[in-house]
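For this one, chain A is given, so just place chain B on it according to the hints.
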Amino acid sequence: MKKLLLVLLSILTFMMVACSNQSSGDGGKEKIALLMADLGNPFFHVLRDAVVEQGEELGYEVLVYDGQNDPSKQPSQVEDALQQGVSAIVINPGDESSTANALRDPIAQDIPVVTVDRSVDVEGVLSYLVTDNLKGGKLVGEWLQEKLPEGGKVIHIEGIIGTAPQRERGGGFLSVIDPEQNPDSEFEILDTAVGDFSMAPAESAMSDFLAKHDDIDVVFAQNDTMAVGVARAIETAGRQDDGIIVIGFDGAKEAYDLIDKGEMEVTAVQDFEFIGSEAVNYVHDFLKDGKKPEEKVLVDVYMSDEKK
Amino acid sequence: MLQWEGYKMANLGNIYRKNGTVHGESEEKANLSNIYRKYGTVIALFVLVLIISIMNSKFLSMYNILNVFRQVSINGLIAFGMTFVILTGGIDLSVGAILALTGMVLGLMVASGTPDLIAIPLVLLLGALLGWFNGVLISKVKLQAFIVTLATMTMFSGITMIISDGIPAMGITENSPILNFFSQGDILGIPFPMIILLVVFALLLIILQKTVFGRGVYAIGGNEEVARLSSLPTDRIKTSVYIISGVMSALAGVILTSRLSSSQPTAGAGFELDAIAAVVIGGTSLAGGKGRLFGTLIGVLIIGVLNNGLNIIGVSAFYQQFIKGLVILLAVILDRKSSR
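Residue numbers (this note's numbering), protein chains in the order written: chain A, 1 to 308; chain B, 1 to 340.
Bound-form chain A, shown alone (with noise of 0.2 Å):
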């Protein structure tokens, strides 16, 4: 028992030494911190890259702090980097209001607070940078309409009901889509499901929907994990060749495999690396010149058919 006490023990202090964060003397490099909501989802490694390359080519030291889809512990994670004496703060949060508080210290000390990709509702923050999720969620609905002009039947994967990009990404396209909300629409919304924004319950969902719709013209799902869920349901179900259209949103680099696959026709793609390095170029001009940007600013998505 106590040999086995001792050993837990030095492998639980090994572990805090040797993955601690701290700089090695590494002593005038000034230091940003950027939180995460979840780096579980790789798609936004996207963003924090961006933003640990561009920090790091400024000459900053960036700290990255996981949230890991907890929005309860950010707010010690903002005390924190407060504590190691970050210059600035670079944060995309799990909701819009569990770190209001938090942030209000380093608000109140100066401290430049840019909120990417949601935000938070809290005053005094330098600007916040998100993808105009609603515009976007708007031009999938009129690739749509372009790619169908007849109409069809869609089926719709929601991500998490109450954050930002659900309401928007849904709101946008429903908007063109949903006959209720738009006249002119050809289009029938046969179902709905919540994937989550998580691949297992978009897979399940839409391995349900098989099941009880012979005919499904459409499948949008709110991002491209969810969307990668739908189509391997498609395959499962041995429908590949129904001409099911899956659209996706994000950008993620599996999508773009299944596009290239044929299994998803497209994805509506988020300039992430822009985002990411356009939030520490917002910090840096504020610390070395207190330029302030736009309060808010909206990053257009595109088709991902329309670039190459």
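Mixed in with the good hints there might be a few duds.
Unchecked claim - Under the rule of at most 25 Å between Cα atoms (straight-line distance), these lysine to any residue pairs were calculated in the SDA-like manner:
| no. | chain 1 | residue 1 | chain 2 | residue 2 |
| --- | --- | --- | --- | --- |
| 1 | A | Lys261 | B | Leu60 |
| 2 | A | Lys153 | A | Trp143 |
| 3 | B | Lys210 | B | Val226 |
| 4 | B | Lys324 | A | Thr192 |
| 5 | B | Lys140 | A | Leu6 |
| 6 | B | Lys324 | A | Phe286 |
| 7 | B | Lys142 | A | Ile11 |
| 8 | B | Lys58 | A | Asp70 |
| 9 | A | Lys3 | B | Asn175 |
| 10 | B | Lys142 | A | Lys31 |
| 11 | A | Lys153 | A | Asp178 |
| 12 | A | Lys153 | B | Tyr63 |
| 13 | A | Lys29 | A | Gly262 |
| 14 | A | Lys31 | A | Lys153 |
| 15 | A | Lys153 | B | Asp235 |
| 16 | A | Lys3 | B | Lys142 |
| 17 | A | Lys138 | A | Val297 |
| 18 | A | Lys261 | B | Gly314 |
| 19 | A | Lys147 | A | Ser185 |
| 20 | A | Lys296 | A | Val64 |
| 21 | A | Lys3 | B | Leu122 |
| 22 | A | Lys2 | B | Lys58 |
Source of the hints: derived by calculation from the structure; they are not laboratory data.
Here is chain B on its own, set in the frame of chain A:
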């Protein structure tokens, strides 16, 4: 007062003490509560299927039935392992994390060229190892199962994130026909996951009902002190049930990885709840010592039918959650009432 249902204590004698009262083997009384106990869950399943198929006949289409079979295999395997653990009076919250970790290791191995026939057994072995880790802490170090498996759940998830860097492994079944068969294949029209489920069920049933080990599992759940005093190797039995749970989770991980053709670092989140729900609905008591593997199978089917059926008849996602919770509550209440 506990009635003994489904186990024979021939080796340990028919009488022993708990809380000062003497219990004997129960006689088969043909009253309502016993009928519920034996058949209640099956009747509930039947009624559920009936209601849903009336509302939408597509539910009973061949494609959908096979669909449900494929879907329940994952929860089913985990729930079988969970049954063993709960019968001893324990609990295993780390099953989802074991599933994720073994699934990720499988994905990484296959992606780097390891042949399926080597990767799959290795990963099952990993599941056994992780389960053994749980088992030792619970049986030898005598820590509470809830706390231990809560901690290992976090640890194993952490390891999954570390080895994957949060990135899922994709396109796994492209060059792995054997792995692909695990979720997509079928034998004589029956989906392979379902065959795995039934074969495993048969094996575990034999172990539980026909071996001394199985009787030991019930005995420990009934009264661990007495079981120990009757010279049952309680530590070994307890460790073993967690090993079983680990292997089952790993097998479920293989099927899920095959099904999604991808290893997701966040896979399995919440799976422990569905498994526990299936076990409870099936009539196994969380206090241990009472329950049947067959009950778990029915519980698994009830949850699977609920998940799929509510989608088929078009119930919105929020109502689905509420209904599922209500069903679990009802099952527990009915079970309580029938054990008085």
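Here is how each hint holds up against the structure:
Using a Cα cut-off of 25 Å, the hinted pair A/Lys261 and B/Leu60 is violated, with the two alpha carbons roughly 33 Å apart. The hinted pair formed by A/Lys153 and A/Trp143 meets the criterion: a straight-line CA distance of about 15 Å does not exceed 25 Å. About 21 Å separates the Cα atoms of B/Lys210 and B/Val226, which keeps this hinted pair within 25 Å; it holds. Among the hinted pairs, B/Lys324 with A/Thr192 is consistent with the structure: their alpha-carbon atoms are about 19 Å apart, no more than 25 Å.
The straight-line distance between the Cα atoms of B/Lys140 and A/Leu6 is roughly 16 Å, inside the 25 Å bound, and the hint therefore holds. Of the pairs offered as hints, the one joining B/Lys324 and A/Phe286 is violated, with about 52 Å between alpha carbons and a cut-off of 25 Å exceeded. Simply put, B/Lys142 and A/Ile11 have alpha-carbon atoms about 21 Å apart, close enough for the 25 Å limit, and the pair holds. Straight-line distance between C-alpha atoms of B/Lys58 and A/Asp70 comes to about 38 Å, which puts the hinted pair past the 25 Å bound.
The suggested pairing of A/Lys3 with B/Asn175 is violated, with an alpha-carbon distance near 45 Å, which exceeds 25 Å. The hinted pair formed by B/Lys142 and A/Lys31 fails the criterion: a straight-line CA distance of about 46 Å is larger than 25 Å. Restraint check for A/Lys153 and A/Asp178: satisfied, since their Cα atoms lie roughly 11 Å apart, inside the 25 Å limit. In summary, the hint linking A/Lys153 to B/Tyr63 is supported, as the alpha carbons are separated by about 21 Å, within the 25 Å threshold.
Under the criterion of a C-alpha separation no larger than 25 Å, the hint pairing A/Lys29 with A/Gly262 is inconsistent with the structure, at around 48 Å. With a C-alpha separation of about 51 Å, the suggested pairing of A/Lys31 with A/Lys153 is violated against the 25 Å cut-off. Pair hint A/Lys153 plus B/Asp235 does not hold up; C-alpha atoms about 59 Å apart against a cutoff of 25 Å. For the proposed pair A/Lys3 and B/Lys142, the alpha carbon gap of about 15 Å is at most 25 Å, so the pair holds.
Pair hint A/Lys138 plus A/Val297 holds up; C-alpha atoms about 18 Å apart against a cutoff of 25 Å. Distance restraint check for A/Lys261 and B/Gly314: the Cα-Cα separation of roughly 32 Å exceeds the 25 Å cut-off, and the hinted pair is therefore not satisfied. Our distance criterion of 25 Å between C-alpha atoms is met by A/Lys147 and A/Ser185, whose separation comes to about 13 Å. The hinted pair formed by A/Lys296 and A/Val64 meets the criterion: a straight-line CA distance of about 23 Å does not exceed 25 Å.
Pair hint A/Lys3 plus B/Leu122 does not hold up; C-alpha atoms about 28 Å apart against a cutoff of 25 Å. Between the alpha carbons of A/Lys2 and B/Lys58 the distance comes to roughly 61 Å, so the proposed pair goes past 25 Å and is violated.
The structure fails hints 1, 6, 8, 9, 10, 13, 14, 15, 18, 21 and 22 (numbered hints given earlier, in ascending order).
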